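J.: The primary structure of each chain is shown beneath.
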Amino acid sequence: MSNKLEAERPLSPHLQIYRPMLTMMMSIAHRISGASLAVGFALLTWWLVAISMGPEAYACVAGFFGSLIGRALLFAFTWALIHHMLGGIRHLIWDTGAGLDRTSIEVFAWATIIGSIILTILIWVVDYTIMGAS
Amino acid sequence: MATPLKRARGLGAAHAGTETFWRQRVTAIANIPLVIFLILSILCHIGASYAEVKAYLAQPIVAVLMLALIISSAIHIRIGLKEIIDDYVHSEGCKIVAIIATTFFAGIVGIASTLAILKIAIGS
Numbered sequence: 001m002s003n004k005l006e007a008e009r010p011l012s013p014h015l016q017i018y019r020p021m022l023t024m025m026m027s028i029a030h031r032i033s034g035a036s037l038a039v040g041f042a043l044l045t046w047w048l049v050a051i052s053m054g055p056e057a058y059a060c061v062a063g064f065f066g067s068l069i070g071r072a073l074l075f076a077f078t079w080a081l082i083h084h085m086l087g088g089i090r091h092l093i094w095d096t097g098a099g100l101d102r103t104s105i106e107v108f109a110w111a112t113i114i115g116s117i118i119l120t121i122l123i124w125v126v127d128y129t130i131m132g133a134s
Numbered sequence: 001m002a003t004p005l006k007r008a009r010g011l012g013a014a015h016a017g018t019e020t021f022w023r024q025r026v027t028a029i030a031n032i033p034l035v036i037f038l039i040l041s042i043l044c045h046i047g048a049s050y051a052e053v054k055a056y057l058a059q060p061i062v063a064v065l066m067l068a069l070i071i072s073s074a075i076h077i078r079i080g081l082k083e084i085i086d087d088y089v090h091s092e093g094c095k096i097v098a099i100i101a102t103t104f105f106a107g108i109v110g111i112a113s114t115l116a117i118l119k120i121a122i123g124s
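Protein chains in written order, with this note's numbering: chain A, 1 to 134; chain B, 1 to 124.
No farther apart than 25 Å at their CA atoms in a straight line, the calculated lysine to any residue pairs in the SDA-like style are these: (1) B:K82 - A:Q16; (2) B:K95 - A:S27; (3) B:K54 - A:G54; (4) B:K95 - A:L11; (5) B:K54 - A:P55; (6) B:K54 - A:E56; (7) B:K119 - A:G63; (8) B:K95 - A:V39; (9) B:K119 - A:C60.
In short, the hints are calculated from the structure, not lab data.
Given the structure is predicted, the values throughout are model-derived calculations rather than measurements.
The following block holds chain B by itself, in its conformation from the complex:
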């Protein structure tokens, strides 16, 4: 039975609600302009020299957008891959291993990219 308070909170017996659904939507919306920025960044720097690419990424606006893209994408990828695993990997053991691997992947790739951007923008 759902009390009015329960219904208002949107939480059932699991004590968790639609956070993941919302997080996926919010990161999706953020990713629309950020991905357009990424595509333009890629297209403008094919065959570019090291100095050109580094100077481009070191600009504050570019670094901020790149960081936003990385964080938003890492979260979005983690949720999306978990959804695929939830649907198609049926053995409990494999599912847990796959989800943990996915989480580590998104985490490591996200952290490494973040560190790289910070180093380019701030360091040396």
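Pulled out of the complex, with its shape left as it was, chain A reads as follows:
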């Protein structure tokens, strides 16, 4: 119906036209981490359901999360959680109208990246130190 109109109308430039910028990447990262956390949520469900089912089902889940892939997934899951949380706090600050100037958004972006990486590594190092590598 509107094909002709769509073709003739001037179109606004799409993503690939713009030079990649940090803040834009952070916006995409927030969405990717969010969508990944939906998968993480399914893994959490699997863990909870297995515990409710009994020792055999739990042994299967515990075996998976104890494996190298499982541990890598857990590490990625905690990183996504922390990254999305810090990014979310950034959004909540912006919702008040504060921190929208050019310097602040750059600082927030770097704080989210560096903060999430440092916090994730830190909690895992602390965890392995306290709990041992079992």
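Since chain A is already given, all that's left is putting chain B on it; use the hints.
T.: Structure of chain B alone, referenced to chain A:
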């Protein structure tokens, strides 16, 4: 034209306003402490035995926090995924299928987790 009453309600011609925006913010705020709780719960129970994990989750405070996390996250995930679909899936048919699938996903995962927690906390 927006009458003062319309402006006060924040509703336009769609008769719907900023509920989704608010719901996403409220669940986001709730998720901050709940996610910290989840991370600590995960870290403290890596390699834990079945009895340990079950006893941990059966504690009333833990069960309540876990339920709160599940409900808040299910709502937050549903809104967030729909926002992504709204922006990137342009064909009307695919969009509807994707949004329904997202809704079912959040619903099923939320219900299954809730039932599991209740069973651990109350049952057997």
